[in-house]
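Turn these sequences into a full structure, and let the hints guide you.
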Amino acid sequence: MARQFTEAAIAGIGATEFSKESGRSELQLAAECAKAACDDAGISPHDIDGMITFTIDNSDEMMLARCLGVKDLAYTTRIPGGGAAAAGTIYQAMAMVNAGLCKNVLIWRAMNERSQYRFGQNPTNTTNYQSGNGTGSLLWCVPFGAMTPASWGALQAQRYMHKYGVTNRDLGLISVQQRQYAATNPKAWFYNKPITLEDHQNSKWIMEPLLRMLDCCQESDGGQAILVTSLERARDLKQKPVRILGATQSIPYNVEVISNYYHEDLTVMPEAQGVAGRLWDMVGLGPKDMQAAMIYDAFTPHVLLQLEGFGFCKPGEGKDFVKSGALAIDGILPTNTHGGLLGEAYIHGMNSMAEGVRQIRGTSVNQVKSVTNVLVSSGMAGAVLSVD
Amino acid sequence: MSTPEQPAAPAAPKPTRIPPIVTLDAKFFWEGADKELFLGQKCGDCGEFRFPPRPMCPKCFSLKREEVPLSGKGKVHSWAIARHPPPFGFKEAPIIAVIELEEGTRFVSNVVGVAYDEVVQDMPVEVTFEPTMNNHKVPVFRPVKK
Numbered sequence: 001m002a003r004q005f006t007e008a009a010i011a012g013i014g015a016t017e018f019s020k021e022s023g024r025s026e027l028q029l030a031a032e033c034a035k036a037a038c039d040d041a042g043i044s045p046h047d048i049d050g051m052i053t054f055t056i057d058n059s060d061e062m063m064l065a066r067c068l069g070v071k072d073l074a075y076t077t078r079i080p081g082g083g084a085a086a087a088g089t090i091y092q093a094m095a096m097v098n099a100g101l102c103k104n105v106l107i108w109r110a111m112n113e114r115s116q117y118r119f120g121q122n123p124t125n126t127t128n129y130q131s132g133n134g135t136g137s138l139l140w141c142v143p144f145g146a147m148t149p150a151s152w153g154a155l156q157a158q159r160y161m162h163k164y165g166v167t168n169r170d171l172g173l174i175s176v177q178q179r180q181y182a183a184t185n186p187k188a189w190f191y192n193k194p195i196t197l198e199d200h201q202n203s204k205w206i207m208e209p210l211l212r213m214l215d216c217c218q219e220s221d222g223g224q225a226i227l228v229t230s231l232e233r234a235r236d237l238k239q240k241p242v243r244i245l246g247a248t249q250s251i252p253y254n255v256e257v258i259s260n261y262y263h264e265d266l267t268v269m270p271e272a273q274g275v276a277g278r279l280w281d282m283v284g285l286g287p288k289d290m291q292a293a294m295i296y297d298a299f300t301p302h303v304l305l306q307l308e309g310f311g312f313c314k315p316g317e318g319k320d321f322v323k324s325g326a327l328a329i330d331g332i333l334p335t336n337t338h339g340g341l342l343g344e345a346y347i348h349g350m351n352s353m354a355e356g357v358r359q360i361r362g363t364s365v366n367q368v369k370s371v372t373n374v375l376v377s378s379g380m381a382g383a384v385l386s387v388d
Numbered sequence: 001m002s003t004p005e006q007p008a009a010p011a012a013p014k015p016t017r018i019p020p021i022v023t024l025d026a027k028f029f030w031e032g033a034d035k036e037l038f039l040g041q042k043c044g045d046c047g048e049f050r051f052p053p054r055p056m057c058p059k060c061f062s063l064k065r066e067e068v069p070l071s072g073k074g075k076v077h078s079w080a081i082a083r084h085p086p087p088f089g090f091k092e093a094p095i096i097a098v099i100e101l102e103e104g105t106r107f108v109s110n111v112v113g114v115a116y117d118e119v120v121q122d123m124p125v126e127v128t129f130e131p132t133m134n135n136h137k138v139p140v141f142r143p144v145k146k
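Sequence order for the protein chains is A and B. For what it's worth, the numbering used here labels the leading residue of the first sequence as 1, then goes sequentially. For what it's worth, the numbering used here labels the leading residue of the second sequence as 1, then goes sequentially.
FYI, nobody ran anything at the bench for these hints, they're computed from the structure. Where hints are given, some of them may not hold.
[To be verified] Calculated pairs, DSS-like style, for lysine-lysine (alpha carbon to alpha carbon, straight line, at most 25 Å):
(1) K35(B) to K75(B)
(2) K91(B) to K204(A)
(3) K75(B) to K163(A)
(4) K240(A) to K323(A)
(5) K73(B) to K163(A)
Here you go:
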C-alpha cells in the first residue's frame, strides 16, 4: 500500500455525564463516550482502527474494542505523564493519521476518579509510585508528607510565585473566571454555581500559603472520547471538520510531570516553552493568532506558567494578564471556556480538548466570536485546532 | 527476669512517618539513611552528580556509580505547609520543601525545628534524620545554627 502524508482532523467528540458517582464501571464509561464520539462523527464503532489512551487508564484496549465491535485494530498506544497526556493523545492521533497508518483513531479517557479512588487523597497503595507513568520521582516525595498532586504542584509553583510576588488572591481570579464559565455550562458540575473572590479566599488551605481548595481541580467520574480521522474524510462526515493544524510534545532534560523539581529554573515551565517553540514553528502562527485557549488547570498557578510558556505574556506577567480580564469571554484570550477542570469536571484534561473542538465548531455554550485557531495545552503537549 | 512490681520506663512513641519506598537503584541511599548517612550518587568515570539516582550517567553513559557522602548542607528552594488532606503519619502539618543541596542537586524533604512563619526563601539548612515506621530513617533538614 502506498503511503503518503495525510492531513488529520477531529470528526467527533463524545462524553458521558460528569459526576461524583457514575454508578457503573470505568469500562462502561469508556464504551459510552467512545460510542458517543462515533455517533457525533457519523461513523460506525466497527470501523475504529486505532486506539489511544493514557498509560494510567484502567480499561483494556481489547475489552473496549470488544464492547465496540471493532473489526480490526491496526494501532494501539498509550501516553505517559498523567494529565500531561491530554494533548499528547491528539498529537499521537494526528501522527497516526498523517502517516497513513489509521483511518479512524479513537482517543478515550474514562475514570471513576471520585467514587472509586481519589487523586486528591493520601495514597492507599504506594506501590503505584513506579516509573512508567512519568511520575517516577513521587516515591521521593511521599515519606515527607508530599502525598497528593496539590502538594507536588505547590512545591513546583512556590518559587515562581515568590519570585514574581504572585499571591493566592491573584490565583483566585483564575478560579472565579472559570467558575463563571462553568455557571453557564449545563454539563459542568458547578453549573449555576459561580463564586466570588471572597468565596475563593474563604476556602480552606490545601497547601498554605499557596493553594486553597478553590485553586484545585475537581475529582470526577466520567469519560471523554475524541475521534480523529483524515481531513478529507472528515469533510464528508456529520460535523464541521476541526483541523489539527499542528501538535507536539516536549519533555526537556530533567523535566518530569508534577514532581518537577530537578530542572534548572523552577520559575518557568520548560516543557510548555518546548512545546510552544516547536508548535508555533510547525503551524507558522503565534500567540496572537489564537482566539481562545484550553489550558490544563489542575492547579491555578500552572495556568499562569503555561500562559507565560506559550508566550501569551512575558515571564512573571501572568497575574497581570489575568487581572486585565484576558481570560474572559471578551478578553484577549478566552481560556477554559467550559469552566476547565476546576469548573466543569476533571476528566484528566480530555474534556478541555473537547471544548477546544466546540470553539472551532462554534458550538460552545460560551462561544467566543470569530474563532479560527484554538490552542489546547496539557503542559507537556499542545495542539492548535483550526477551522477548515 | 522482669519484675512486675517495677514500673516500666515510658516507651518512646512509635514513629508514624511512612517508610521510604525502596527501589533497586536507590537502595544505597535508603540504607545509608538508616545509618544516618546522607549519600549522593556521582558518576564513577566523569564525576557528575545526579539525582534522582539512576543506573547510567547522562553525560558520559558510564554505568560506574559512586556513592559519596554529601555535605548535608543546602538552602530552602521551595516550600509549603501540607494542610489538607492531613498527610498520613504526621501529627502536625509538615513543612514540605525542595532543598537545593550544596552539591547542586535538589531533594524533597521536610524543614523541621522551625515555626511555620520562620521559613524564608533560600534559608540555609542542614541535614538531620527522623525515624519512620518499620525502623527506617529519612533525611530531613533543620535551620543552620547561627
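Here's how the hints hold up against the structure:
no.	hint	verdict
1	K35(B) to K75(B)	23 Å, holds
2	K91(B) to K204(A)	19 Å, holds
3	K75(B) to K163(A)	16 Å, holds
4	K240(A) to K323(A)	35 Å, violated
5	K73(B) to K163(A)	23 Å, holds
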